[in-house]
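Enquirer: Please model the complete structure; the sequences and the hints are all you need to start from.
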Amino acid sequence: SGDLQWLLLRKSSSFIRPSAPGSHKLSSEPGNLLANHSYKYSSTINGQKALGVNPHDKGAVIVARKTKAPVNQWNKGFAKTQVTGGKRRAYKSTANVVATTRPDLVKNPLEILFERLVLSSRLHRTSLAIQANDIDKTKPQFILSIETPILRINLQFQPAVAKVSAIYASKGQKKDAPAKKVRGKKAQAPLPAPKAE
1 SGDLQWLLLR KSSSFIRPSA PGSHKLSSEP GNLLANHSYK YSSTINGQKA LGVNPHDKGA
61 VIVARKTKAP VNQWNKGFAK TQVTGGKRRA YKSTANVVAT TRPDLVKNPL EILFERLVLS
121 SRLHRTSLAI QANDIDKTKP QFILSIETPI LRINLQFQPA VAKVSAIYAS KGQKKDAPAK
181 KVRGKKAQAP LPAPKAE
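Numbering of the sequence shown is given in the UniProt record's numbering, commencing with residue 1 and proceeding in unit increments.
Since the hints were derived computationally from the structure, they do not count as laboratory data. From the three backbone atoms N, C-alpha and C, an ideal C-beta is built for every residue, glycine too. Hints may contain errors.
Computed cross-link-like contacts, SDA-like style, restricted to lysine to any residue with a CA-CA straight-line distance of at most 20 Å [as the list claims (entries may be wrong)]:
id	residue 1	residue 2
1	K163	W6
2	K163	S93
3	K49	T101
4	K87	V61
5	K58	K80
6	K25	K163
7	K58	A95
Each pair of labels, with its calculated beta carbon distance range [to be verified]:
id	residue 1	residue 2	range
8	R17	H56	22 to 28 Å
9	K195	S23	57 to 63 Å
10	N36	D3	17 to 23 Å
11	N96	W6	27 to 33 Å
12	R10	R88	35 to 41 Å
Expert: This is how it looks when you write it as structure tokens:
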């Protein structure tokens, strides 16, 4: 069972990576979306519901375990979904795959909302406007928009979508910084005369 596997691998997994004392244990396990050594995100423990996101030349590839995959043919039991196109289309495709494969990876939006506001230490002077097409956490396509006079956050509650977003951000071309405009006294000063050779 998964509980027995976790008891055996919790402190002796070969995928555990060194981290600072008192912090979360990191993992280099394939299919671990957050690289977090925990029962929830471990692909070894959740082998029948394994889900991974890998970079691709034109976007990303989502690797998910088939629902009726044979146990004796492990490599043939994975389905690969190539995500291409724009960011919104990629996010929607990823959310649909996660909803059918690992709905437990969708975090509770209200809990995250409270955590973010407490961390920002502005909870006592915050007015909220929540816009979501569904508060049901089993339907992960929504985005929670928080608007305050001093704080505006857009949150996506899926680690898989966050990883696809990071892959797309790494593939984007960085724009050069625009040239600084001359202002103030420097703009009013006459240009220096060219030096005579």
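Enquirer: Determine for every hint whether it applies to the structure shown.
Expert: Results of checking the hints against the structure:
no., hint, in the structure
1, K163 - W6, "violated, 25 Å"
2, K163 - S93, "holds, 13 Å"
3, K49 - T101, "holds, 6 Å"
4, K87 - V61, "holds, 14 Å"
5, K58 - K80, "holds, 14 Å"
6, K25 - K163, "holds, 19 Å"
7, K58 - A95, "holds, 19 Å"
8, R17 - H56: 22 to 28 Å, "holds, 25 Å"
9, K195 - S23: 57 to 63 Å, "holds, 59 Å"
10, N36 - D3: 17 to 23 Å, "holds, 18 Å"
11, N96 - W6: 27 to 33 Å, "holds, 29 Å"
12, R10 - R88: 35 to 41 Å, "holds, 39 Å"
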